[in-house]
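Add chains G, F and H to chain Z, keeping to what the hints say.
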Amino acid sequence: MLITTLAWIVLGLPLAGALLLSLWPGEPDRNLSRVIGVGTVALGFVLTTIVFFDLLSRTPSHRHATNALWQWINVDGLHIDLAVLVDPLSVMMMLIITGVGSLIVWYSTEYMAEDRDYRRFFAEMNFFVFSMLLLVLAANFFFLIVGWAFVGLASYLLIGYYYEKPSAVAAAKKAFVINVIGDAGLVLAAFLIAKTFGSLDYAQVFATAPTRLGGGSFTAEMICLLLFVGCAAKSAQIPLHTWLPDAMEGPTPVSALIHAATMVTAGVYLVVRCNVLFHLAPYASDYVAITGAVTLLVAASIAIVQEDIKRVLAWSTVSQIGYMMVAAGLGLYSQAMFHLLMHAFFKALLFLTAGVVIHALSGEQSLNRMGGLHRLLKFASFAMLIGCLAISGIPPFSGFFSKDEILSTAMAAGPLGVVCAVAGIIGAAMTAFYMFRMYFRAFGGPQREGGYHPHPHMSGLAMAIPVGVLAVLATIGGFLQVPWGRQLVTDWLAPAIPDQSSVEASATVEWLTSLASVSVAAVAIGIAWWLFGAGPERRLKYAHTLAGLRHVLLEQWLFDDAYESVIIQPGRDLGDAAIRTAEPDLTQGIVTAAAGFSMAGARGLHRVQGGLVRTYAFALIAGAAIVGLVVVLAR
Amino acid sequence: MPWLTIIIVIPLLAALAMFIVPEGDVGTARLVAALGAGLTLVMSVLMLANFHRDFPGPQFVDHAGWATQVGLDWIVWVDGISIWLIMLTTGLFAIAVAYLCFRTPDRPRAFLALIMLAEMGLLGLFSSGNLVLFYVFWELMLVPFYFMIGMWGGAGRKLASIKFVIYTMVGSLLMLVSIVATAVIAHGITGVYTFDIVALRNVDYTRPESIWLLAGFLLAFVIKLPLWPFHGWLPDAYRESPIVVVALLAAVVSKAGVYGLLRIGLPLFPRGMAYFQYPIILLALVSIVYGSLVAWRQPTMRMLVGYSSLAHLGFIALGIAAIDPQAAQGAVLQMVNHGVVVVAAFAIVGIIATRTGKEDIDDIGGLAARAPWLSGIFLVVTMASLAIPGSNSFAGEFFILSGTFRHDWWAAAIAMIGVVYASVYMLRLYQSSMNGPARGGDPRRVELRVRDVVVLVPLIAVMLFIALWPQVLAGASSASVNAAVAPAQVAVGRPPSEIRSVVLPNPLPATVSSASGVTGGASQ
Amino acid sequence: MLIGTLSTHHQATGVPLSWYLALSGAMFLLGLLGVLIRRNPLLLLLAVELMLNASNIALVGFSRYWNVSDGQIFALVVMVVAAAEVVIGLGLIVAVYRQRLALDVDALSRLKG
Amino acid sequence: MNTLAAAPPIIVATTALLALMAGLFPQRLVRREGPTVIAIVGMLVAAVMSILLWGNRIVALGGGYRIDHLSVLFNLIFIGCAVITLLLSVNESSGVDRRGEYAALVTTATAGMILVAGAGDLIMIFLGIEILSVALYVLCALELWRERSLESGLKYLIVGAVGSSFLLYGLAFLFGTTGSVNLTKIGASLTQASFNTEPLLWIAVTLIIVGLGFKASAAPFHMWTPDVYEGAPTPVTAFMATATKAVAFVAFLRIFAGPLIDIVHTWQIAIGVVAAVSIIIGNVAALVQTNLKRMLAYSSIAQAGYLLIGVAAGTVQGAQAVLFYLLAYAAMTLAAFAVVIIREREVDNGEDLASFSGYGRARPFLGGIMTLAMLSLAGFPPLSGFIGKFLLFGAAAEQHLWWLAVIGALGSVISLGYYLRVVGVMWFGAAGDPEPRKLLNVSSPVTLSTAACGVAILGFAAFAGPLLTVCQQAAMSLLSP
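Protein chains in written order, with numbering that gives the first Met the number 0: chain Z, 0 to 634; chain G, 0 to 523; chain F, 0 to 112; chain H, 0 to 480.
No lab work stands behind these hints: they were computed from the structure. C-beta: ideal position from N, C-alpha, C; glycine also. Keep in mind that the hints are not guaranteed to be accurate.
[Said to hold, decoys possible] 30 Å max Cα-Cα, derived DSS-like pairs, lysine-lysine:
1) G:Lys357 x F:Lys111
2) G:Lys157 x G:Lys357
3) Z:Lys377 x Z:Lys540
4) G:Lys157 x Z:Lys164
[As the list claims (entries may be wrong)] Label pairs and their calculated CB-CB ranges:
5) G:Val489 x Z:Ala633: 35 to 45 Å
6) F:Val14 x H:Ala187: 27 to 37 Å
7) Z:Ala599 x G:Arg52: 55 to 65 Å
8) Z:Val631 x G:Val489: 47 to 57 Å
9) F:Val14 x G:Thr205: 54 to 64 Å
10) G:Asp53 x Z:Leu585: 52 to 62 Å
In isolation and in its complexed conformation, chain Z is listed as follows (with noise of 0.2 Å):
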């Protein structure tokens, strides 16, 4: 009871928070803005710390709740509770969501101070935290989607927070689009499950499926792709993909917090969530593991010639939650999710440290005027650094640990896994050398040509404090779970997965799998310094090698030309082809012609009636005619 009431608040008190801000009449005090905005996430930090402790306290067998505020809707035999779901997954994610929700909207205090509209922003940064605790604690899949979208439409307003920019009220309309067709599959999804199992209620859905859907059943497989297919969606996976990169239109703590540590990993979080229905649908989980691999190999080519180096973060995270689908796509959800937590400590510690160069820099996010600025900026290169070396799964930090699990257990998980393993290694090695190249381009070598002017500038407290927690966190997060040692993640979860496959790698394997991945990323980061360590010269003179591979990255492999070709552009030539001959000729046109037919034979017979009394006197004697006609013919 307790830990439902305190979940219930957590989840109040950043609603209460968008409200409070967004109603409040007049403008309201900056400070005002700032204590709720990050009050209401902070709170609920500590709040859920209590409920985490409190689960901890209990047997793990009991370490779940559920309570309904109001029986939200009930529509023939379909319940639908407004309830919440306290279970070690969702306890999880809450703390990811408060914690480092916590961490980068103080952050944003100080980086979005010179904005106009302050309180906007933290109405909004507060709404998409209470979508996404939302999201985390439904206990029933309508309530799901809810924050599903609930989380789409703040990160819609989110990316075009500048809505004066044509470019961000694009990539927020982008954003939006390819949610809503996410939405529509995790809406079928819901279809599908109701149809099924006459409920959408987390508990009576997954107590009940491995006796309603045999392993493997059409049904399965077609609702797990269907979850999939939202799953996708929101976390940027191939083909659905394409909207996260245009996304970093929005503000740094914005990229920070919703594109990187939470909201992109809600599709991990829902496919650990359903783990029964996947476990039942191995087709489907195959292709949860394929896409992912497929996309952290695509995403991870592309991230490696862009200029901007926020979109160079967010190609990276395309790249990261692909190596999480793999995992969950292979039934190794506690190590999925692992990942998804070192990914947002490390992911939230880059986007923030880049935020803090571009804040320093004045909005400049190109790696082209950009160079040499560890001198400048100390801090930030080291804790760019840390990030760098932890997603590039260097050891002991945290990215080596989670990725490394991965790969060595998907080594172990049949045909497919080793595929995705060498996949991931080969990923690993592209992501090392992407993030150096970042890394060096930014920091290393010499300063830009003309130096900075404004001079570059250390931000303060409000923006450090949350970098360095990053940073602590990214450096030793990793231990939480170490092979052979405490599998502190994988522990906690169990209750909630209970269909935890039993993959176990071997101690050979996984030492060879580690030392893969870790000596391409070393080779990687070498060559990352060769080619970007010293400057741009050698840099320019590489850069004509590989033309067409590298216009074919740097179009993104062609993703955007072909949706706009195929789905777009023929959707808007229906539409106006509709317009320009369906309205006027088929539906105005049955009208026009029945109207114009009765004009005609108006005049036609305004034509006969000339006037003369013969006409009239033989149209009388011709009516009688017809009229004895029919006299006789119908007796």
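Okay, now just chains G, F and H, sitting in the frame of chain Z:
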């Protein structure tokens, strides 16, 4: 207390009172209209408070003879379906009157009188317990709209008004033939010559009879809705009418068609509905996709919202044609939702258009910068209109499609195209007017004023309420919805486990409801 | 029943009913033809008279056949009516003449359409 | 006692003579107002007489005339139309000297109508129809100085005489087939024997349909109607459009729903076809008319088609529907013509649709009455025209004449094209001349009778229940000779 009769008569009295109001006395005219609409709203709320939630049959039955020997009678009642349409009508007309009171049109007396007459027509329609009375009100509401379009419309108003009437009448006159034929054929079967809807529900028509009788009704319904390709009257009427009229047409009048399907189509002609099920589903799907595509490419704000309405009504029609209690329940929910949302959308379009003097989407932009409140409310309305999960519209659409999915998953899947496109065109509307570089005059002038707030805030409040707790609506209508759908479910051969209501309900006895009249229905 | 007796001779006169009817039919058609082809209103009135009298012959013939006087009374009434019609018709023709309009019904075609 | 039953026609006929004489008085005041007052008073007396006779079934004049519910109801319709026609003619600019003749002719025509309504035999039907026709020929041409009036009179006379000949010939054959002119006896003899294959009867039925169809201006025997309606003085047109049409239908009912009811199959389809053709031709042809009188003429053709649906049904319901619709039709048509009459006095081209541009806003009252009339004619509920159509469709459906009902419905859709055009011109059109020639006094008989018609359009609908009871009784009296 003859609740419904009073509710129907109040607007009529208000309309008649306009004759006494001296010409040019705008204040009194406004007062009369406001009193009329307000009192009607209050009465309907009080009626709702006395409503028996779980009773599936007619309540608040008022009965008086008119020309009883030929089956013409004054029988009005509500059930769980129509009570919400009554509420929708009284609420939205009160809003419309509020809107008009602040923006007095040319010749206000006449306009307000016509608005009141239209309200009477719709209220009568939604409470008719007799087919002929249904027809009477069906046509009666047409007349004020005809005049409102013709007298206060834009440049092409003459053509638009006559097209609107003739198009609608093609369907409705054939409906009259069907109404007459229904009574005649029922007479042949039961020996009773009656137009009473309750009595006619128990008539066992043969399949061809059911099909042909329904065909006459159906044309009228799909034209009124409208469904593609019967929307030929819509573009002209929407383009030329005053925005209030467009809003009411889209929000309330269109519901008459849906209501007809629910009240007459499903319970009276289940076999016919079984026959026409897939044609209607098909038309609904085409309407959804077609309306979305065309809405997307419209140049003006009002036409965009207008065509979006075509798509949304396609969803509602789909919910009924699915012949599933869940889908039908969703349709009932969505009728209310769509009415509320579309009125809000048109109100915002009207505000923007009057303040900037522009209606073309490309001429307006960047209003959010100086009109944050408008922008915020518009966002809420946009989201409700594109049925984002968590909005009131989503509650309706979810159950429409979920119910449809149970038997015709493909139809729900195709309808999803419309869901996606809704976000495309609604965001086009929202973003191009609110975001981007400022265009179309001083955005500060566009910001909401008190007069706008009184119109929009009640609508937003209703949207939020339904979004948070749709069970209030669903709970009070489910019994009636189940009863309405049950015969058609039998006709299409659904398994008994899915049929929620076996017995067709009789009217609530006068002693139980607070209605004064006797029941007009036949016994089982 | 009746049709069978059309050709049988009537006892009293020996003139069969069919003869009456043939005469009457011929007159009626003649009158119709006159209405169709004549342009002078006077002659038109004449043609109409022919048609009315065709009826009279039929009436009288039937009256004889059934041996009742109804038909004859009817015929008398018709005569009076016909006379009244002719009077009015002639009056109108005079009025037309006075207006110096052509005595040609085809000229009476200002009202049309 | 029996002669008392014939009081209504006798009173009306006497009134005609008195009115004629009043018109010859030397005093100008008497000459001007006397005939109208006498005619109205006399006819109202006849109306009261008729009402007093309600409920009685009396045969008078040796079986030639009878009082029953039907004849009483029709007496009231005719007298009502005649009185309103006379009231609408008050202050007519045409010469005072013709007042007496005018009132006398209208009254005479009414007498003829009353005779048809109560006709007990074929002779009386023919006689009554001819009395009213002859009077109408003169009435049409009453404005001798107006070429169009003259043309309409002469045309009506010639074509009308042809029509009468058809009717007469048909009656002659009906007599010939049955051996009696008495309606009751004809009915009896048709009931006894099988007449299915009787060519003479077919001829009779055909010719009677043509003759009465002509009087009812049903298509294709309608072609005189627009010309005559347009040319005749407008009050006369109003009288023709309402009372004369009613006569034709009472004759239809007296003959077909009475004695010929047992051979319904021989004439049902034929009348149905005539009805359908009338509905289509009347409604379609009206679409392009710009002269309001002409448009109303075509509308009356279409309305005749609707009324024939009820006749074709050949049932009590059908007859009842015809009766109700006739009442409603009279009210709406008189209302429409009344407004045209008023407009004609205000402007020169008052019968042109164009002259009504913006009329509704300039004269909301008259515009309102006209709108009411048009909407009712178009069949908009809850006006009386709707209830009439509803009953007619019901009667057709009862006899499974679905096609007739559907054609009727489609015809109504077409009719919106011109009825609503009038409404649209009046309310949506640009305002016409701002300063009309003269304003009618609100209390003038013309305005009052216009208002009365408007009230009737609503009242017949509101009190449809009691009215239908009356109509039903009247219809029942057809079947019990």
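Which numbered conditions among the earlier hints are violated in the structure presented, ordered from lowest to highest? Hint check: 1, 4, 10 fail, others pass.
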